[in-house]
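Trainee: First to last, the protein sequences are chains L and A.
To convert, take the position in the first sequence, counting from 1, and add 687; that gives my numbering.
FYI, my numbering numbers position 338 of the second sequence as 337, with every residue one higher than the one before it.
The set of hints was computed from the structure by calculation and includes no laboratory data.
Note that the Cβ used here is the ideal one computed from N, Cα and C, for glycine as well.
Hints are not guaranteed to be accurate.
To be verified - Derived Cβ-Cβ restraints for the label pairs, each shown as a range:
hint, chain 1, residue 1, chain 2, residue 2, range
1, A, 109, L, 884, 54 to 60 Å
2, A, 301, L, 976, 37 to 43 Å
3, A, 140, L, 1072, 51 to 57 Å
Claimed, not checked - 20 Å max Cα-Cα, derived DMTMM-like pairs, lysine to aspartate or glutamate:
hint, chain 1, residue 1, chain 2, residue 2
4, A, 367, L, 965
5, L, 1071, L, 1029
6, L, 755, L, 894
7, A, 367, L, 848
8, A, 140, L, 848
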Amino acid sequence: MDTIISLTTPPDIGYVRVLTTAAEILARSHGLDKREEMRFQLAVEEFFTFLAQVVPEHGPIQTVFTGKTYQVCASIRFQGSDLCLGALDASFSATVDGDVEAARDLRLILTGRMADRFRITRENDNAFILHVEVDKVYPPITAASSTVAPRAPFRAGLELDPDRLMHAAALATARYPAWHCPASFQTPGKFADMVGAGQFSCVLALDAASNPAGLLCWTKSGDRGIAFSGPFVFVPPADTPQVARLLTDAFLATVARENVEIVFSERATPDTPDGYFETLGSLTRHSPSGQDEQPVLYRHLREDMGATVWADPALEGFLRGVYDRLAMCRDVLEAHPPASFERTHSLFSTMIDKDKSLAVLKPLLDGSDVAANLAGHVRVLSDKGFTNILLYMDLSHAWEASLAAPVLAAGFKPRLVLPFAGRSDVALFQYAQAD
Amino acid sequence: MRRLTDLVPPHVLNFESYVPSRPDEILMRQYGVDRLLRLNNNENALGPPPAAREALAAFPPERSAIYPSGDCFSLRQTLGETFGKAPERFLVGNGSCEVITSVIKAFCQRGDSLVTADKTFAVYEWVAAFSGIDARLVPLKDYALDPQAMLDAVTDRTKIVFVCNPNNPTGSWWNKATLERFLEGLAGRAVVVLDEAYREFVESPDFPDGMEVMERHPNVLVFRTFSKMYGLAGLRVGYLCGDLEAVNIVRRTHLVYSVGSLGQLAAKAALEDGGGHVEATRRMVTQAGGYLRNVFDALGFEHISGAGNFIMARVPMPDTLLYRLLMRQGVMIRTMTGFRFPNWIRVTLAREPEMEAFAKALKQTLDKR
């Protein structure tokens, strides 16, 4: 069971000791090493101190600590849409030129790197949540022990047994490129803990002797989606289609009546059976060995009831083409950028996955600097070696949809639309690298 | 201040509310079509029987100002005469969904369970879920309810076993011997709901008549509806019948005044109608079933049909995609992913022109892909 501690404090650095104590106790009680415990404490301390300095007039700060079996995290909720929060998103591009503000920003950058992940989400017009996560350290994967080749007949069902899950993750890692696998497959103990904590769900295919024959796992994505990985199949080629279909049927039967609209995958394996999913489009996957196209698969779990989306004129043709090809009924409303922005500084959330050289941007606030801000993100991320830069645009927000022109101008290309991935559909852009 | 969601029980908070399809005029606008062929809800394409039509036409509008009979008094009298039972043994509801809810409320509390199939009418499972009752779902065996597995799933906390006979959506059914063995094996440990929504479509003499079975097994409650064979789906009238003691228990949790006057009048008239409507509907269903089986065979599609005015087919694409593609041609089918049959569709068996229109739209859709 998760441990949850919620603290609401004034934006006063005098309270920082309370927060770091909570962070320390939580990390220790969840078995994190001393180094991770310190990283978590320091990250919480620095982020809270930063916010206490920049939001003193904006009411209390609520910090929710969550301890899971595999991770501790702090979600720091604060008010402040009119603040300059550039340091929270353009954290890669700050430079120190001697002034106090830049030094503070730099400290925040370093703080961000203490955490395994940090990201910012927007709760409503004025409220933001800064999420800081530090993972428990797990032993890395070892080569999967050799097993006898599983033989038909096969069966598939939900799996919770940690040993079986770790074995299956190791088998998947040995057989499939890292791009197809969740990062936690590299540390199978973490993967099993994440399943135990409900972060992942899995169906496992077994033969009559309970040898693992295949694995498919999934996690919730947004309010109405499920993202899946797999199917990973561990049987001889002749039996692969049968096991892949068994896993896919078991997966869909399990989630069919859950509180979600769609399932999708940006990393489905080539063993995905034909006829089960629609292809939304593809993403170009850049890796040290070259580039190739990764199809993005999806299916609805129920009849599409239609939706309303906003579209900037710069994107409208693309969207109408997509909806026509997918036979989706959408009311497309026209979104235009405002004549002038209320804010100077725009804000983007940036999530990165170093193993995949992947960075994902999401707009949080518009502003008159949006074009320059995006260009800055691209420049810094590219310099840092992130060759796969994506941008998600929620088309249920007119202000967000109206950013299409600067997004295109910054070198992003619309690649596909993920139905119901946000409040309605989400347009997915990919930065097109110059060759 | 507490958030509204803090006040909601977890089993309600986590429940996915059902979103019914939109009205025809909206769907037609969305998909750019000027007609819509509804083959998604197993409605009777022939509509209500003549006597029900006359009752509806004769309804004086001023009667709309008067509350209906709160317990469907006259309709229950007719039900009693039709089935040779006391009217008190019938409870009428706003469709069988309301009766399902009443039975679960009457017999179950937190910690209790019910047993049903994993691929059957979804409302049993839904009502259990949002009532905080554990629904134990037993996999079908060869597309049919598995009596032994269902018996094995019964525990000392099981209060109700739902048996959809014939089963929606597979059309499979238990014969007299199978049902009898099941009831003997259960030995009265739980209430058995025999949902016979489609029983009027069955002509086999080996199909068990729940109205007769309940006389030997007082733990059996039978559900029937006027929505399918009798073509009154828009008026929402369903009912249960059982041993008086069991019915009196359900009565405590059953709402009164939930069935409108029009529904009561039309249902009563439908019962009093001759057998012509039933015979005509059966002929239509038989003919349509034969036609669509040929269509699916020609396309190489696996299909399942049994009793009831519907047929299922496995299609070579996501059922939810085929739904959208057919909607663009004004044909509405039911996707089966939600029934845990991914890539299957269910089609209502209707009149010849409707079946031909469906087949034409299906072939055009497949030709384009």
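Trainee: Run every hint past the structure and note whether it holds.
Mentor: Against the structure, the hints:
One distance hint, 54 to 60 Å for the beta-carbon pair residue 109 of chain A and residue 884 of chain L, is violated here, with the actual separation near 25 Å. In this structure the hint that residue 301 of chain A and residue 976 of chain L lie 37 to 43 Å apart at CB holds, the actual value being about 42 Å. Between residue 140 of chain A and residue 1072 of chain L the C-beta distance comes to about 55 Å, which sits within the given range of 51 to 57 Å. Between residue 367 of chain A and residue 965 of chain L the CA atoms are separated by roughly 15 Å; this keeps the pair inside 20 Å, and the hint holds.
Annotation: proposed proximity of residue 1071 of chain L to residue 1029 of chain L is violated, straight-line Cα distance about 32 Å (limit 20 Å). A distance of roughly 33 Å separates the Cα atoms of residue 755 of chain L and residue 894 of chain L; the hinted pair therefore is violated under the 20 Å criterion. About 46 Å separates the Cα atoms of residue 367 of chain A and residue 848 of chain L, which puts this hinted pair outside 20 Å; it is violated. Under the criterion of a C-alpha separation no larger than 20 Å, the hint pairing residue 140 of chain A with residue 848 of chain L is inconsistent with the structure, at around 26 Å.
The structure is inconsistent with the numbered hints 1, 5, 6, 7 and 8, although it conforms to all the rest.
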